[in-house]
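Protein chains: 2
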Amino acid sequence: MNYPNGITKNTTHHHISYKNRGMDLEGDLNITNEYYRNIDRAYIYKKPTPIKIVNVDYQSRSLATIKEAYFQEPSTTDYNGIYKGKYIDFEAKETKSHTSFHLGNIHKHQIKHLENVIRHGGIAFLIIRFSTLDQTYFLKATDLLDFISHNNRKSIPLSYFQKKGYLIKHKLNPRLDYLEFVDQILEVNHE
Amino acid sequence: MNYPNGITKNTTHHHISYKNRGMDLEGDLNITNEYYRNIDRAYIYKKPTPIKIVNVDYQSRSLATIKEAYFQEPSTTDYNGIYKGKYIDFEAKETKSHTSFHLGNIHKHQIKHLENVIRHGGIAFLIIRFSTLDQTYFLKATDLLDFISHNNRKSIPLSYFQKKGYLIKHKLNPRLDYLEFVDQILEVNHE
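So the protein sequences, as listed, match chains C and Y.
Counting from 1, one number per residue, gives the positions in the first sequence under the numbering used here.
Counting from 1, one number per residue, gives the positions in the second sequence under the numbering used here.
Derived from the structure by calculation, the hints contain no laboratory data.
Among the hints, erroneous ones may be present.
Chain copies aren't distinguished; within one or between two, either way the pair holds.
Stated by the list, open to error - Calculated lysine to any residue pairs in the SDA-like style (CA-CA distance at most 25 Å, straight line):
1. Lys-84 to Tyr-166
2. Lys-171 to Thr-132
3. Lys-112 to Met-23
4. Lys-163 to Asp-57
5. Lys-93 to Tyr-35
6. Lys-47 to Glu-68
Next comes chain C alone, as it looks inside the complex (with noise of 0.2 Å):
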């Protein structure tokens, strides 16, 4: 198995579990995009890490080791690309919760990226996982952006993805096909 983001076995810390799946969400993108990129439908990949390096040891101009670093904050989403010819950028997030997505798990500078996307003319969503209903949503940025603007709230109800968002099959190929909501995003905007 092809680990994400070059992490190896060793760091198992980054794995969430849950029940009767084999594989986390970004798993499951991951081969979705990989499926997309084969059959030429879209091209969208998921960006590094954002890591802060403080020290490297180059003990060779080839093999430079790293020997201190630390994981930071993003400022941007995870998946960004092309589909259709128009810039597509979303975040992806996996709760345990049987109720609510807590906002937290969306960085400040996230928030205000997928604004910026926006504001530019580029489709923004997200892709929650409700990893113990086994239940996978595809929300607009913009209905996020809603959420946020008109709600004191910390955490969106599971009800609002049922309302305003869209259920992503499981399937076999593409594993979650949400480019399917994008399509419907690019109809209403055509119209």
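For this one, chain C is given, so just place chain Y on it according to the hints.
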């Protein structure tokens, strides 16, 4: 000064020194992109450096220290974003050569990436600085691909940049106004 990629000052090996200028190409582009964001002209940023993490010390949940990691060969370019609703993608490189730009500076995966961006309707280009000449060129990715497919040479001569590329003016703000040439591409595409 803000070091790009989260690299702090003790890792000065990353900084290429050259004549008559206080800042390298990456620094100039970071300032340029920040300026474009501040005036809300474009939303373009640098991706994190891809790093393969081998060993992480998890003392606490909030303080994970990466103890061993390596720089990875990039599979995409360094910069992307949105301008006038279009997907923008480019790679930036410096050379100390007075006469040519060695193609070994651009990885095969990056060339494939630029092809994918073009095929899906994005705008792709290179920004190449001949640092000893103090000249920075904008070259459309289509002209890079055209050169590669018609030549067996391992480097692109300066004359090709002079003929097919555009010399980017060094200004106060924006420091490297490369969007001027993206506008030209958009105008041609629109005709």
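Item to check | List of violated hint numbers, smallest to largest | outcome: 3, 4
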